[in-house]
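Sequential numbering of the sequence shown, starting at -5, is according to my numbering.
Don't read these hints as lab results, they were simulated from the structure.
Just so we're clear, the structure is a prediction, and the values are computed from it rather than from any experiment.
Beta carbons: idealized from backbone N, C-alpha and C, even for Gly.
Among the hints, a few may not be true.
Said to hold, decoys possible - If you anchor each label on the Cβ, the simulated ranges turn out as follows:
1. L10 x R190: 19 to 27 Å
2. Q189 x L225: 20 to 28 Å
3. G149 x V362: 40 to 48 Å
4. A40 x R370: 54 to 62 Å
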Amino acid sequence: MHDVVLPELRRHGPVLPVVLLVALLALPVPAEDPAAGGGTGTVADAVSALVVAYCLVRLVRERRRPLTRTAAVLLGLPVVGITVAAFGASTAATGVAGAARYLQIFVLVPAAVLMLVRDAAHFRLLAWSFVGLGLYQGVIGVHQNLTGTGASYMGEDIRAVGTFGSTDVMGMATVVSYGLVCALALAFRPGAPRQRTAAVACAGLLTVPLALSFSRGAWIATAAACAAVLLLAGVRRAGQVLLAAGAAAVVLVAGLGVGSAMLQERLSSITQVTDTPDQSVTDRYTMWAASADMWRGHPVTGVGLKGFPEHRDGHASLALSSGSDTAGAGSGFVRQPLLSPHNMYLLVLSEQGLLGLTTLVGGWAALVVCAVRRWRRQRPRRGRPGGAHLDCALVACGLLVWQLIDFMYADIGGPSTVLLAIALGLAAWWAVGARVRPGEAGPR
-5 MHDVVLPELR RHGPVLPVVL LVALLALPVP AEDPAAGGGT GTVADAVSAL
45 VVAYCLVRLV RERRRPLTRT AAVLLGLPVV GITVAAFGAS TAATGVAGAA
95 RYLQIFVLVP AAVLMLVRDA AHFRLLAWSF VGLGLYQGVI GVHQNLTGTG
145 ASYMGEDIRA VGTFGSTDVM GMATVVSYGL VCALALAFRP GAPRQRTAAV
195 ACAGLLTVPL ALSFSRGAWI ATAAACAAVL LLAGVRRAGQ VLLAAGAAAV
245 VLVAGLGVGS AMLQERLSSI TQVTDTPDQS VTDRYTMWAA SADMWRGHPV
295 TGVGLKGFPE HRDGHASLAL SSGSDTAGAG SGFVRQPLLS PHNMYLLVLS
345 EQGLLGLTTL VGGWAALVVC AVRRWRRQRP RRGRPGGAHL DCALVACGLL
395 VWQLIDFMYA DIGGPSTVLL AIALGLAAWW AVGARVRPGE AGPR
């Protein structure tokens, strides 16, 4: 037994701290004061700093080149906009805190993950850890829905939120979405029938808690990411999977009536937000308009990091409510202040201006381009299966597509944000890691 376990631990040793970081997101999240803006940090945040330190120690000991030139440029580019916006913050303490958060999520943790992942086996281990975390949170979410112990939704405590609580209703939806996208992508690993079977089963199971999260933004992002994964895996396969998924949806919703009434109402609300929007949609549109107005007043550098709450009331119309109501999942009624526009692009534009938006979003766009370029060497061709690392390419591209679309409806905040940093690191490993050398297993 030891002869099998110890070599495997040594083989995956560099990436095990990152797996531990993912596992920590299964822990219950302590309730925070909404007025504090969720800035107190979590255990996962603290451990992410340890992971970065662990990576630095390994680099010093191994004396190897940490990043390719392209990776260094793309991951280092956001530092420019973040630093300038930090100097424009209302106070030095606010600027330092905001810069630390942005650097943690978009620079330091992704770079550490990129450097700790050495081969495709490490990559797949992390991708499966995403799937495992999604299944764990999903089981809790389904139980909450069935027993009426979830977050409040339309007067009933049925919204699946996992261990994240009612004050972070997007947490479980994000984790489950990541897991579903990874599972679908892993199902296309050539020459691994057992992995394909397990991945397909996991992807199917994860659709249930995702539906019960009642998160329209997560639904849209997941549908787009899964469609991208299927198309990159091959048009013929995409058609087969879409037909099977459509049949399963008809059976579950129409045949068995799984949450049909509320799910249909939530789905139909996606196309009705411009006709008869509810207060949450009205608040979102109002904050989007306020963000754009802030940018027009400070077009180059924005109003400064963490400046949105301070400038919000001076730019928002009277249609904006005083906050959003949350309850259930073990918490009492809480009135949450509206501290962000729930759109990452507009948040960056308002607080960091065009400089921050260009450096941050430009880096993400470059990652997508580089990831697709490397996928081309793995893509299936007529009469041939995909390359040996097709599943890794699909995971990276799927996660990037999901995140870039979800950022239209959400921004950083909450414990699941650490998972975003890890996902960016995985995508960066595939997109801008060192070129594959003859005889190697993958990007190193």
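Going down the list of hints, with the structure as the test:
no.: 1; hint: L10 x R190: 19 to 27 Å; verdict: 25 Å, holds
no.: 2; hint: Q189 x L225: 20 to 28 Å; verdict: 21 Å, holds
no.: 3; hint: G149 x V362: 40 to 48 Å; verdict: 41 Å, holds
no.: 4; hint: A40 x R370: 54 to 62 Å; verdict: 40 Å, violated
Taken one by one, the earlier hints fail for this structure only at number 4.
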